[in-house]
Amino acid sequence: MDEEQLDKPLEFSVVSDLGPRMRRMNLKVKCESLNEIREVASKNDGANHKVTEALVGDETGSILLTLWDDTIDRVEIGKSYMIKNSYTSIFRGSLRLNLGKYGELEDSEEEISEINTENNLSEKVYQAPRRSFQRGGGGGGYRGPSGGGDRDYGGGYRRRNPRDRRGGGGGGGRRKY
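Heads up: the sequence shown begins at 1 in our numbering, then just goes up one per residue.
Bear in mind the hints are in silico, worked out from the structure with no lab data behind them.
Hints may contain errors.
Simulated crosslink set (PhoX-like; lysine-lysine; CA at most 20 Å straight-line) [as the list claims (entries may be wrong)]:
| no. | residue 1 | residue 2 |
| --- | --- | --- |
| 1 | K8 | K28 |
| 2 | K124 | K84 |
| 3 | K79 | K8 |
| 4 | K101 | K50 |
| 5 | K84 | K28 |
| 6 | K84 | K101 |
From a predicted model like this one, the values you see are computed outputs, not experimental measurements.
Required output: the full structure, derived from the provided sequences and hints.
Next up, the structure:
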């Protein structure tokens, strides 16, 4: 970071501005409620972790904040917080605010008096984008007689023969006209 960025004050968003897949969000919120703490096993290493959600918000709206392990003990109902470098995600069709690896949660000197729980962004149902698991498409894969990297050379498209499971990416092949 250069000196200009360090001197620049943080810009804070309001909860009602949040939407799916937003990054580097800074917010000032108050904790309205905490859900029950659950134990979950990590998909990566199998270790057990504590997780819960807190309903946090400001005058414009509210959202569920996902809290993990040590962060859970730092949040109290009725207290105001500054959340820095957070991001949003869709979990089970619901918008969530997350701290993640680089996010920070700090006590706020600025007290938030009221939370708009009527505009709870986590109650709105979102359709998560479907991930494609089809074979074919660009990049990598089989470089056979009609495979190819760019579309002019036959790549990037799925094979026309339904029994051919090799995909369509890669390079090579002869130019198609």
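Hints, one by one, checked against the model:
1. K8 x K28: holds (18 Å)
2. K124 x K84: violated (24 Å)
3. K79 x K8: violated (27 Å)
4. K101 x K50: holds (16 Å)
5. K84 x K28: holds (9 Å)
6. K84 x K101: holds (11 Å)
When the structure is compared with the earlier hints, violations turn up for hints 2 and 3 and for no others.
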